[in-house]
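We have chain L; now place chain Y with the ligands onto it with these hints.
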Amino acid sequence: MMNSGLASENWNGGGSPYAVGHKKLGMWLFLVSDSLTFGSLLISCMYARTASSNWPTPFPMWPSIAFASLMTFCLLTSSLTMAFAVAASKRGDRAAAVKFILLTILGGVAFLVLHAREWLHLIDEGVRPWSNPWGSPLFGASFFGLTGLHMFHVFSGVVYLGVIALGTRNGKRSHEDVEVCGLYWHFVDLVWMFIFPLIYLMSVSPK
Amino acid sequence: MSSHASTSHSTGHAAPQGFIRKYVFSTDHKVIGIQYIFLGLFSAILGTALSMMMRLRLAWPGSQFPLLEHIFPTGFPGGVMSPEFYLAVLTIHGTIMVFFLLTTVPLSGFGNYILPIQIGARDMAFPVLNMLSYWTTVVALMVLMASMFVEGGAPISGWTAYPPLSALGKIAGPGLGAGQTLWIASIAIFCLASLLTALNFITTTLNMRAAGMSLMRMPLTVWAWFTASTVALLAFPVLLGGGILLLLDRLAGTSFFLASGMVVSGKVMTNSGGSPILWQHLFWFFGHPEVYIIILPGMGITSHIISTFSRKPIFAYKAMVAAIFAIGFIGFIVWGHHMFASGMSPLVGMVFSVLTLTVGVPSAIKVFNWLATLWGGHIRCTASMLYALGFVSFFVTGGVTGLLLAQPAIDVYFHDTYFVVAHFHIIMGLAAVFSIFAALHFWFPKMFGRYMSETLGKVHFWITITGVYSIFIPMHFLGMAGAPRRYAQFTEFAYLSKLQPLTIHISWAAFVVGAAQLILLFNIFRSMRWGKRAPDNAWEATTLEWVIPSPPPHDNFGDMEPVVYRGPYEFSVPGAKADFILQTEQEVEGGE
Ligand code: HEM
Ligand SMILES: [Cu+2]
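Those sequence lines, one after another, are chains L and Y. Numbering-wise, the numbering used here puts 153 at position 153 of the first sequence, and it's gapless, one number per residue. Numbering-wise, the numbering used here puts 482 at position 482 of the second sequence, and it's gapless, one number per residue.
Excised from the complex, chain Y in its bound form:
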């Protein structure tokens, strides 16, 4: 009969044989999750190396680096990084970090590994599609890397690829020929992969929950991945549409994003009728939801970990779920706050400003509930918990500056200064990266059956959090003094010359933070082989992933048919024999 339909529904499929099917083109969500995490690790290493090069240029503008000239003969003529090369490095740094680290790891990486297990499923709804999405993401990354090696090198238009610069082609500058075209192609491919992953996550969450796993018994991580996927499903296609139009402008001679009367490199352009502002609308209609695609999984992970290590139920579970949804929804109607300085009518600016400020409400709900969960808890200060608290800290520090930027009158001054750079690095970059650290330490025992080193984790945490605050707090002051972003050098500006010591300080702090990441790398690879062995329920936690062996078998639950009897965070229940109750534990006779 219809063999095709039935295989995808059957439980307990046999584990695949052979290295290729098992580890390379695997359809097992757990293998794919780890593949995404390693893709992110690679991206993080590359992206960090690029940022170190930028910090060198900014702090010591005239100094020569013969070694770097040796590696990049055209980028460092005479040992000094050319401003164009600086912009190319900046573009690849931003693109890699935003798309291939922050979008993939918290959502596609940990979501893939953990979500099906936490809802009691044996795999994703579409395992083959899942594999294809992963390999499509790899192709996107390879196309992006290829842009660095074509004639003219990588594009210089930043991760936001604003036209006209990005739409004009070679004539506009180095990297804007083939490099920019490949950049757009890479992002378009990435969009496809991401929306297919999102579709997979949503279907899995809706259709494949185990018996008893009602919506209000789902861990907050699942709610967060589910909402982030919904946002991704609705946001990525808009970037895809914009990308198609931008490609048409470049390859088919259209002028969607090009206005009339432009003179570029001394040549009068024939384009007319289009508008670069249109790209900003399309990009930010995607771009603002994108920042929530990045941060929502972090919020879920933080809630989950704080509850576990406070040995207390998460405070106001329902409010947390509602806040996740509110943030996801409001995220779609605030994109104009990126365009206050692009020439926007004061009325529209006002509307976007008020809408943006309302995001503060659900955000504050989350922060207060995290604090209320901590209050009076029996706190276990693990490395994972520290990183989760770091997330909360960054979410507050970065959110507060968001409220300043959300006001048009203030933003026309702050826009395109280092103040914005500080805002989004703290709230998007660091918060999401710390959620990755937290998740890694938390689920590592599940993935590999061994703990990561707590000592190394804590050392890494304290160096990193001190280091990054010494990078980004001073950046606010640079921004307030008017230092513009996306410049290779400030020393030319008399009004900024006094601040050069601050720039040098930032660079030193960045080098310390960069070096400290070696501790993390060492911890990961050492613990895989030699870490302390972990029991199945490594943290005495409550959700379904802790019911099964570490690492889990191919079909997760083996012979067991998971049934869920209670909510996700039953810690320290009065009268219970332990301070945690697994979700699979049946109600005691006459209990509650």
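Bound conformation, chain L alone:
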């Protein structure tokens, strides 16, 4: 048997089989595609790590990991506020939606600032894309490559959120727009949840 009512009928044309609009479906597809871009970079970095005998493990629990955990906290909190924003816009409470989107932006910006500090700190310690004081030069290459691409996504997300916040305030953007933007933001978060363990936690210094 086919599954229930609406959905199965829509496979026969004249409607959306997943009961979603174009924008949402399009965003899901984009995220599938983007996850493969990140996937190819993550796998490449792990390939390099596995293939080298001198991969450095330079991060002490304090302060490096604690600091990175704080960054993770900022990003995760921003996902929570984004969920609130989507819920508010669903209720039709535009003012609250805008407020929560602005909080999300705040979380994103905090992440970016902390992350920039982290880059400067590592550069200060002598990490470069082509070398570092501890071992395989690909450590720095992986770190800057992966987190750079991710930061670019966070930055684009902040701009995107800003556009949606503005549009929501003056009524130009629908609930679907807020929701679709939320999908993107959660995805950017999710990617960090792969980068954090693979870059940081797997490189904790053994004391």
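No false leads were mixed into what you were given.
What follows is a list of derived Cβ distance ranges for each label pair:
1. L:Trp-62 x Y:Val-268: 38 to 46 Å
2. Y:Pro-553 x L:Lys-172: 26 to 34 Å
3. L:Pro-197 x Y:Ile-171: 33 to 41 Å
4. Y:Pro-83 x L:Phe-73: 52 to 60 Å
5. L:Val-113 x Y:Met-145: 37 to 45 Å
6. Y:Asp-579 x L:Val-159: 53 to 61 Å
Which residues of chain L face chain Y? A few of them, derived with a C-beta cut under 8 Å, are:
7. Leu-25
8. Ser-40
9. Leu-41
10. Ala-51
11. Ser-52
12. Leu-149
Read the hints as simulated data drawn from the structure, not as lab findings. Being a predicted model, the structure only gives us computed values, none of them experimental. Cβ coordinates follow ideal geometry from the N, Cα and C atoms, glycine included.
Using the frame of chain L, we list chain Y with the ligands on its own:
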């Protein structure tokens, strides 16, 4: 209220006014489709011209061509093409043909024009994104062309851009400085454009089918474009990722693809830790699916045309759909067959070999079903049909050599010889190009309201198919004799010197084929103005594009709200008044 969301869903939007909005920055899928086709035509002309230059060099290595020296003073010092310039020409030829002709025309070109109409939609799901994707593709092509005019000229690392050559920069040779950087940038831009197009096609197919257009009533062309788009959505981002890393290697000093201990142009390099094999994995994880992105639309087009001109339903429609999917899926797990000679453990080689051979199963299903469709049909031997049959022929000839190459023990000998060149030119180049020819003759009446000339089409077909087989069959023998690919000259090798007449023969055949394409060009431009007028249903076919006027109005269906009542290939139905029934025709009372 939310004006933004509602406009994209509304039916029957007004046609845009003014030349720029109508023909240049148009959001109409039909205009964009034709724009892609013309972009492909331009690429084909350029790519063919480059291949003719290579054939000159290979057949007559010492001869001087003062005219060419005049045009390319640095490439032809003393009138003889330098080996480096040969490699640059080879790289641009391959890149242009694979990306800007074979990837764009069958999928983005014909798919854009025909897919929305065949599912009963008025446009793509994201018309503005569609326009942006097209113009992004144009930018990619322009960046690629720019690589030829920077210091050092075009890159010499081939369409696969293998490191270390492609990662080292200027020190590694001419064209590997700015030229190579632009090449990678061009491909990265192309990746973006392609994955956005793919996303658009998938959303359109899922969300915008007319009432009654269930999945199993979709024409096989739609299935093929849909699957190819899915493959593109998953393959292009991996090339994009690889491209980012390669750019980092070149511009930021990383060594993802560079191992330690390299000595380049007498200089010891400081890179360490990376692996050129990693690029091969990334590239071919994209590259093998890419060949299916190229060929799947051709399979759909061939099925569609063979059914129409055999006046018979396609044999085993469901098996055809399943085969399309199987090919798309298996395409993702066979990339290692390009790397047998790169140093691969025998076990992994074995696995990739067996997986590769399984592609033969759905491929054979398709071939047998095409033949079964032809069997006993009332065949109408139009030019379009001939090209479709040509596709089948190439798919068989090229597929058989694929099965040989898929075996590691044989491939370590054949790899990087002309045997591989023959394999992929037949199965990818010619098959896809013939599907383009077939599609062009088939849908031209829909696009322009006039037929292309059948006589000119048939003359072009017979010269081209005879010509290309005389090019590529001998190439297998060259490969078996050990002639390596990507060399400007064979005469230096004693063991190949006896085969020089064969090389000369190939070059002559290539010139004939090249010249024969003028017939096609003439046919296209003549028919646009003076071709025989075509009725709306130019071929007495069944699918939705034949319900509407030729050329179709801006919103395709005008006042009509298309509703679909039957499958896509109802030809020669017993008891019906004509030998075809349109998909929009309602069931007769008490029928079936
Ligand atoms: C039964 C089907 C097929 C099999 C078993 C097969 C197998 C192979 C193998 C093993 C190679 C690697 C040869 C080498 O480099 O030493 C190869 C190369 C190639 N194949 Fe196929 N193939 C098949 C179908 C196709 C199709 C349908 C296309 C394109 C539409 C295609 C396009 C190519 C290309 C472009 C290359 C060469 C790439 C390069 O090195 O530049 N093949 N094939
Ligand atoms: Cu392959």
